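Q: Turn these sequences into a full structure, and let the hints steer you where they fit.
Number of protein chains: 2
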Amino acid sequence: MGVGKAGLKSGERPDLLVVLLPQSSNASFLFTKNQFKSASVLYSQRVFQGKVRALVINSGNANCGVGKEGLLHAELMAKRVAQNLDIQESEVLVFSTGIIGRPMPIDNVLRAVDSACSLLEPLDLKRASEVISTTDSFPKYDFLKRDKLEVFGFAKGAGMIHPNMGTMLAFVFINAELDCLALEKLHRDVNERTFNSISVDGCTSTNDSFGLISLGLIKEDLRKISDCVENVSLSLAKKIVQDGEGATRTIKVTVKSASIQVKARAIAQAVATSNLVKTAVFGRDPNWGRIMAAAGSTTFPFDQFKVKLYLGTHLLYDGKVHPRGVENARKYLQEAQEVEIVLDLMEGRESWTYYSSDLTYEYVKINAEYTT
Amino acid sequence: MGVGKAGLKSGERPDLLVVLLPQSSNASFLFTKNQFKSASVLYSQRVFQGKVRALVINSGNANCGVGKEGLLHAELMAKRVAQNLDIQESEVLVFSTGIIGRPMPIDNVLRAVDSACSLLEPLDLKRASEVISTTDSFPKYDFLKRDKLEVFGFAKGAGMIHPNMGTMLAFVFINAELDCLALEKLHRDVNERTFNSISVDGCTSTNDSFGLISLGLIKEDLRKISDCVENVSLSLAKKIVQDGEGATRTIKVTVKSASIQVKARAIAQAVATSNLVKTAVFGRDPNWGRIMAAAGSTTFPFDQFKVKLYLGTHLLYDGKVHPRGVENARKYLQEAQEVEIVLDLMEGRESWTYYSSDLTYEYVKINAEYTT
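One line per chain: the protein sequences are V and C, in this order.
Under my numbering, the residues of the first sequence are numbered 1 to 372, in order.
Under my numbering, the residues of the second sequence are numbered 1 to 372, in order.
The set of hints was computed from the structure by calculation and includes no laboratory data.
As the structure is a computational prediction, the values presented were derived from the model and not from experiment.
Virtual Cβ for every residue (Gly too), placed ideally from N, Cα, C.
Among the hints, a few may not be true.
FRET-style restraints, in silico, Cβ to Cβ [stated by the list, open to error]:
# : chain 1 : residue 1 : chain 2 : residue 2 : range
1 : C       : S90       : V       : T313      : 40 to 48 Å
2 : V       : K185      : C       : D179      : 51 to 59 Å
3 : V       : E369      : C       : E89       : 52 to 60 Å
4 : C       : R330      : V       : Y361      : 22 to 30 Å
5 : V       : R188      : C       : S257      : 31 to 39 Å
6 : V       : M346      : C       : K79       : 26 to 34 Å
7 : V       : E335      : C       : P122      : 50 to 58 Å
8 : V       : P301      : C       : P22       : 37 to 45 Å
Beyond 12 Å from chain C on every Cβ pair, some chain V residues (computed) [stated by the list, open to error]:
#  : residue
9  : K5
10 : P22
11 : S24
12 : R46
13 : E121
14 : L123
15 : R223
16 : S226
17 : E335
A: This is the structure in structure tokens:
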């Protein structure tokens with residue numbers, strides 16, 4: 001990897017990252033489903049054909065809402081990387097994250113590309129995450145080694161986090177070989193259970209991208225790969241929630257014993273993203289009424305006299321409130337850093353887990369004061 | 001109407017309202033679509049057959065999450081009103097609003113019903129709204145007289161406000177005669193454009209009900225009735241948003257020139273309910289990037305290089321940002337009490353308007369500290 005400074009972020013912090021892969025590699029990319037897309041996303045979506053050789057990522061400027069010029073800027077960034085490293089332009093993907101609507105100072109960015117390409121070092125996950133960070137308060141990376149299999153990744157993101165996807169970038173690498181079809185299927189499955197099951201503020205962003213790249217150095221069992229990729233991806237996703245703007249608690253909502261998975265997921269999401277549940281967690285208030293009301297807000301029916309609701313291991317409600325459970329849960333909320341909400345629908349075998357963070361004064365402060 | 005005190009709210013405030021109609025009247029009721037419903041809603045849904053003679057409404061206790069006992073309590077309330085006023089029990093509907101999960105002190109409530117029924121006065125909209133209020137900071141009522149037609153109503157609600165429906169109760173009366181079918185159709189149409197187009201915190205509640213009652217005293221043109229009912233209902237709905245917990249601004253989002261109505265509505269809702277847009281309005285920040293990102297978060301595509309975005313009358317974005325518009329909008333945000341966001345999709349003839357409020361420290365405070 002190589003690092004450069006284009007002056008897109010305040011201070012003297014590096015804001016441009018080039019990652020060169022050892023060879024042209026099979027990859028799968030998932031981009032934001034937001035209709036208002038960064039030009040970098042539009043560009044990378046257009047050129048990506050299943051193979052990637054290098055990534056160029058800038059932070060501090062979203063390259064979004066700047067008219068069609070943004071597409072040209074993304075193309076210039078890719079072209080410059082390709083020229084510098086003597087690789088194919090169509091295998092260079094461009095990613096941006098930062099403030100929307102500010103024209104990219106393209107001359108500075110291209111100079112930063114030159115300097116990043118001129119001094120390549122081995123991939124340093126921590127430093128890579130730092131370079132692409134914006135409002136993040138800590139770098140997000142993780143790796144896993146099982147026998148010869150290695151899976152590692154880095155990410156950024158703290159606000160505008162919601163499925164499909166938040167303002168986040170995440171890149172996960174596998175040293176094993178996978179063909180494009182298997183890679184894509186694995187990628188979609190893992191994404192649903194990780195980056196698409198987190199929410200900080202219910203707001204989807206313009207720039208989000210999650211790449212999964214197979215470096216093709218060894219052969220390995222698909223199930224083992226899949227397991228490790230999910231592990232690393234979930235770890236990155238949870239770090240993003242943990243760093244949720246203004247968050248003091250991570251909230252983990254599991255809906256279990258549902259008749260169908262889509263129902264478990266919808267209810268888990270409704271609870272995890274409810275502003276009233278999130279403020280209650282911030283207030284350390286075991287407000288089971290709000291949790292039940294959030295659970296009831298989807299189109300999926302359940303038997304309100306039969307379901308069981310737990311905070312941690314404390315039973316709060318099973319058709320009627322359990323005052324002792326509520327009192328114990330109050331203590332639990334004071335202490336637990338990850339607050340676990342479990343709703344048992346008592347009807348089937350399907351379950352889903354969804355992660356979010358509490359809603360605090362600090363969240364309002366950050367977002368009332370951060371400007372375009 | 002008659003007023004009683006059952007001690008459900010703090011202080012010495014009245015918390016029980018009985019409204020006796022001059023005769024058995026055609027009516028239409030819409031109840032919360034939340035799956036976790038107050039026993040009062042379950043009871044009223046079950047007994048309502050198109051005719052109503054009296055309403056009994058308590059505030060301070062939601063009669064929700066208290067097991068099947070709640071159904072019995074609602075039935076006892078209706079029965080007691082019917083006995084006191086010598087009317088049919090099945091034409092008495094029961095409504096509750098307040099804290100979830102606390103058993104109703106039914107003996108006190110029945111005594112309050114007796115005292116409410118013992119001293120009936122003409123309907124006083126302001127006082128009726130005050131009696132049914134919980135966290136409301138001002139009473140919500142309105143009336144309209146056009147020639148002989150009179151439409152009047154009262155409501156409550158400030159938090160847990162979101163379509164289908166918020167923690168709100170609203171009752172609108174028409175002096176004109178309408179048959180049940182016409183009444184129901186009118187009711188559904190109006191509800192979509194009024195109470196189902198407001199949001200304070202995206203949280204739907206367990207108790208919400210909106211009743212439309214035709215007193216049948218005069219004959220009047222349906223279109224005129226419809227117009228007046230929409231007017232009064234929108235006025236009540238807007239008062240609820242204006243009283244949104246912690247709100248300092250009302251936000252009015254209009255999406256216009258859409259190809260289909262459902263698209264205009266989905267995009268308007270996405271913008272109006274975005275936490276990032278709501279905090280930006282609180283910060284008086286003309287953050288058009290967040291508005292565009294919220295607009296893009298639905299499944300409906302639009303041409304991001306062609307749409308026009310206004311704050312008040314100031315053009316912020318039409319494929320590119322307009323810095324002068326942004327600067328003028330900053331001043332506009334300081335001054336306007338109702339912040340108007342207009343997104344012109346430049347593609348068709350359909351439009352929709354959605355109302356919400358800004359997200360403030362005070363909202364977090366109220367909801368982190370208010371307990372079950």
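Q: Of all the hints numbered above, which does this structure not satisfy? Sort the numbers upward.
A: none
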